[in-house]
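Per numbering that gives the first Met the number 0, the very first residue in the sequence shown carries number 0; after that it's consecutive.
These are computed hints drawn from the structure, not numbers from a lab. Just so it is clear, CB atoms sit at the ideal spot from N, CA and C, and this is done for glycine as well. Be aware that a few hints might be false.
[Said to hold, decoys possible] What follows is a list of derived Cβ distance ranges for each label pair:
#1 ILE3 - PRO500: 38 to 46 Å
#2 PRO522 - GLU437: 45 to 53 Å
#3 ASP602 - VAL554: 23 to 31 Å
#4 ASP544 - ARG63: 52 to 60 Å
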Amino acid sequence: MSEISEFDAFYGRTRRRVLLQCLVLTATVPEATAVTIGAYEQAWRRWRKLGRDGADGRDGAPERWVRSQVYAAPRRTGGTTVPPTSADSPSSPTPDHEQAALLATLATLSVDQRAVWALVEVAGLGPDEAAAELDLPSATVRRELAAARSTLADPLGSATGDSSATSAPAHQPWTSQDVVVVLEDLAHVVSLPTPPRLRASGPDPARRRRRALLPVAAAAGAVAVAATGWAVVSATDAEGPATPDGPAAAEDTVTPRVLLGPSALEDLGPGGWVESATTSAPVDAGPGSLCQLAASADPASLGVQSRRFTSGSAAAEETVVVSRSVELAASTYERAVGWWTGCTNVTALLQGAYAVPELGEEAIVLTLRDWADPTASYVVGLARAGAATVSLVSLDPVASAVEAVAVDEQQPGTPQEAASVLADAVATACAAEAADCETTDAPTSVSVERISPPDPPGSRGLLATVDLPPAGDLAEPWSTSPPVSADGELRPSDDTDATTPCDTADLATAGAGDIYSRTFTVPGDPDLPSYFGLAETVATFATPDLADQYVADTVEGFGTCSQRVGSAVVANLGEDLTTGPAGRAPGVMESAVYALAYDNEQDERIFLRTAVVRNDTGVARVTLVPGPDNDMTREQFDIVVVRAQARLAAAGDQPSS
């Protein structure tokens, strides 16, 4: 594996987690973005050491080295803030009211309080580990952690005990879980550069001098939150008793006994599994890190245990999170599922979803493929029983590129086999008294049934990058924007819809509401033509009849397109993909798929694939404009169309019709 491939995989796997911690450290989106980018640029410049011999990577842990860069500078500068330059920081999304309120509250904490809180609650370190990373006494870390938690939880926005500090504005109480959930949503829409763009940023001296200012900006000791008009000043050090919450107190509650042993994994492919690591937090760079955005889906849990296994080139990782209540476990499970079904790792491809109805309160098996070099297949099992959330992730390197094929036969293990091992994992986890399970017995048998993948958080029924295979020989990953509302709810809509010159029906005039669009491009490939990309628009009608009429009018428009658009050539590729390829949602869906060629205003000959899909009152339009050497196969595009219908159905919790 080349240095470039190693770094790109590392960056794609870890950047959202680091960004999440930077949002806590800086309490502003532009500074968090700039600090994150700066740290990874430095990591790339010394990647030969970080990635190979670990000389600068603290025992071969590049993520820990990156983390050390973003944590060290704010504490050195004592809270001085210098705005990042526009050249170094991409445009940032404007936080919504809840996100802005949280950032303002975080800014009232001292620099050390934010650093300690982020290491414990987001990175998943214990207080003693955080003390070692920050070079602080353990007692100080526990005191700062208690003060940070107290300030976040105090609805009056109490200061930290220094009467000279400016009073913080009143705010809602924030639990650790609340903070992570809100910041995850914000991190999802922050734009970070693709790996090639990051690597191409260049080590020129002028850029290095500018970048040297960025970690200073991370301190955010005095922050003006323009979106809300609040001006807040960093609070000073706090005195307060250490609380019994968190990883240190959980050690006696959730022990490694909740985890499986190697012999229990024999159904997951090659056999001969051996344990390689067991920790009280997910294993660094383990299989589970492909899509997760934080060290734990429940940062306020009673405890976490994680174990990694290997078998030749295959690997597996089991993680058990025990929440403080059954209700919190439900949120933990939902968040963990959302990490995988909306995976932000730009080279991950979600291939299938399966319910496991007999297992716990909720259980699902997901199959994915990482099409980075080298490619790898993943089988992910997630289950909730009582207060315990169990995840079991297995991966196996594969030699072939991503293909539009059924994933049931992929290794390691089929969904059925993964569900069987997951059932044993749940029974073992439930042996912990704190798990509060109804039963500690594994079901005598489990079955899997194919379902529509759950809708990722904030997707509004639209496709995500995790739904798209590479087009042709495309080596760079897809990139996308947040959903765009046609009525300006999120931000003004521009040209981001999926209509074509053949369309005669218009969603708005046809009576549709809740119209959202999203475009997908590949900014990392300079050889692609400017028109290359995929666009999708989704909308909801008041009745199924109105949705049906829109589809009928669209089909009629394509039928007469050649007479209305002189240069157009239209091919009907099929309607009603009721028995389509693997990855389709259950039930009948109404759809029509076309290939179209026409001359644009620049006299370029444009070829595209387009589809209209209806699901009850919901409609989706999907259009791919390929490049000469970068096109999806017919089967690949059909799978994207089927996934669009599945996302549409999942967003509205509607049955296929």
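Hints and how they fare:
1. Distance hint for ILE3 and PRO500: a CB-CB separation of about 40 Å, consistent with the stated range 38 to 46 Å.
2. Between PRO522 and GLU437 the beta carbons are some 50 Å apart, a value that agrees with the proposed interval 45 to 53 Å.
3. With their beta carbons about 29 Å apart, ASP602 and VAL554 fall inside the hinted range of 23 to 31 Å.
4. Look at ASP544 against ARG63: about 58 Å separates their beta carbons, and that is inside 52 to 60 Å.
In the structure shown, no violation is registered for any of the earlier numbered hints.
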